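Engineer: Sequence:
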Amino acid sequence: MPRRANHVGTVGKSDELRWQSSFAFSDLWTRNCTATLEDGKKGRGVAAAAQAVQSTASTMLPSSEEDTGARAPATTAGDSSQSNQHPLEMKSRRSALWLPTVSDMKSIIREELENREAVEEASQDRYKDTGMCQCIARSNLFEHLTTSMIVIYSVWLAVDIDYNPHVVNTDTSSVFFWVEQFFCCFFVLEVSIRFLAFSSMWKWTRDFWFLFDLFLVMSMAIQVWLLPLLDLLLQSNHVGTIFADTGIIRVARLLRLSRLLRMSQLLHLFPEVLILVKAIAAALRSVVFTLALLLMILYIFAIAFTQLTRGTQCARQYFSSVPASMQTLFISGALLDEVGTLMNDLLAENLYISLTLMYTFVIMSAITVMNMLIGVMCEVISAVASAEKEAIQVQWLRKVLERVAGGPDKRINQQKFFEILRDEGAANAMKGIGIDLISLVDFADLIFEESGDSTDTDAEAPDATEISFDEFLKHVLQLRGSNTATVKDMVDLRWWLSQSLHGKLQATVERTLAKGPAIPEEDKVALRLSSYVATHRDAIYHMDLGAAPVMALQHPQFQQAISKMRNLQDVVFPNHGWTSAAARSEFLSALPAASTAWGRNKVAGRS
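Using the working numbering, you'd call the opening residue of the sequence shown number 3 and step up by one each time.
The hints are simulated quantities; they were obtained by calculation from the structure and are not laboratory data. Note that the structure is predicted; figures quoted are calculated from it, not measured. Treat the hints with caution; some may be incorrect.
[As the list claims (entries may be wrong)] DSS-like, lysine-lysine: derived pairs with alpha carbons at most 25 Å apart:
| no. | residue 1 | residue 2 |
| --- | --- | --- |
| 1 | 433 | 391 |
| 2 | 490 | 418 |
| 3 | 391 | 476 |
| 4 | 517 | 490 |
| 5 | 401 | 412 |
| 6 | 418 | 433 |
| 7 | 490 | 476 |
| 8 | 412 | 280 |
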């Protein structure tokens, strides 16, 4: 299975013909195997089977020369080095103006949701199992109350800045004093409850948000309690006031500004906002390069305007220096603030060249670059909206299915699967994200068949087959109508067809061997090996056997690998890695004897 990805992009005309004839080849192979069983008593079963494989392959498939030509890579010496580059290296050579796609946003949001779930699971383990503090800390009411207080405190900051002129308020008759005392007491109590709820010391030291809250509470306590207390002590001793020192005033102002950091807790309490911020950060590269382009245009035109308008009234008012010209062009040209006044002044002094340059700059900056910047942000927001909507729907579907299935640890069989579909809530949730329930019922056998080995003829029935909840959810999400087919899906389909074809062919061989005449056990093993080799054609393509194909085939380790591999290719089909057609013919001619020897060793237990 790991080898499948190596075939992406190498599908030629011979591959299409080979896969179109795979089912016809299966029927012809079965008839040849049945015919060889009639000669089983004469001791010619294995040789005839190998000849049947070779004749069937030469009849149904193109010749080795045609196949080799069809599979030749369509690259020249000039682009061979580029074709060998890693996809990430090729991606890094693309344009610097890279925009995150919907898939990129889905990956970011999916990672954020997984991190959020991991944090929520970890939060359940960091607290004690008993006690009043842990009970309060786990309570949803406590969390909602804390969120509400943070929102109210954020609004209060604006009121305090506008109407409270004191850096530190020591007037007990002021309403600002008592409001600050109330908020400080609440946040100290909140942090204390969470601190006492932790099961051990090292857990709270590893909690980033708790440490952040602790820092905010300590800075608030210093401003609201410690500094006023020191001021009162100094005044009672007739020493003076602590705020006579300008350094203390600066510290108090910094502590007061640190209260603004509490608003960042809203990002933690509202993860959707945090996801949006991270998504915008994903477009930061594009925004930076767009602004860099605008800066280059500003610099070039600023030099031109400074030179062309020198000695005029416009130069003294707008373009006295290169930095002043850049500021004028950015405000009036890029942002179009009073651009008409600037153009009229240029026209009044007959500066027609400068006026033409101004029109050019407006077209390049305001109409082109600034709209490009807006387009970048709109693309990001559109991708975020689509990915966020899908992520929320998937999370909702997961919770609904977990409830119906009995939990994420439950295993689901086909009977449980139909019970989930009959649940009204689960059906509405699946229809809400674009899943066709009729198609889901039709694919039920396929979903539970894939959980087992398709080549195992004794596999359990789909009703008895069980899959995990995560695997079931993955299959359900793959059947959304909004999904688009990718190269990986085509490769998976190709692999599944190969596995399904081998399972049917192997079952036919086993039934034929059971009903046919008695033949030596080593011949049966050889027939099974030949049928397995006929339908799995991947390993030889990746092996260099041109030097000594016969010795490699007869090597015990190679025989053991053949018996265990699931992906074998071109053992009996036209060559893909042989040094010559003669080496391939030598390999095919050695197949009967090697299969017989392998079968005898298998029966004797020596392989």
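Engineer: Does each hint hold? Answer for all of them.
Structural biologist: Hints, verified against the model:
1. For the suggested pair residue 433 and residue 391, the alpha carbons sit about 15 Å apart, so the restraint of at most 25 Å is met.
2. A threshold of 25 Å between alpha carbons decides the hint, and for residue 490 with residue 418 the separation of about 30 Å lies outside it, so the pair is violated.
3. Between residue 391 and residue 476 the alpha-carbon distance is near 18 Å, which keeps this suggested pair within the 25 Å criterion.
4. For a cut-off of 25 Å, the pair hint linking residue 517 to residue 490 is broken: about 41 Å separates their Cα positions.
5. A threshold of 25 Å between alpha carbons decides the hint, and for residue 401 with residue 412 the separation of about 13 Å falls inside it, so the pair holds.
6. Taken as a hint, the residue 418 and residue 433 pair is honoured in the structure, with Cα atoms around 19 Å apart against an allowance of 25 Å.
7. Among the hinted pairs, residue 490 with residue 476 is consistent with the structure: their alpha-carbon atoms are about 15 Å apart, no more than 25 Å.
8. This hinted pair does not check out: residue 412 and residue 280 have alpha carbons roughly 34 Å apart, beyond 25 Å.
Against the hints set out earlier in the document, violations occur for numbers 2, 4, 8.
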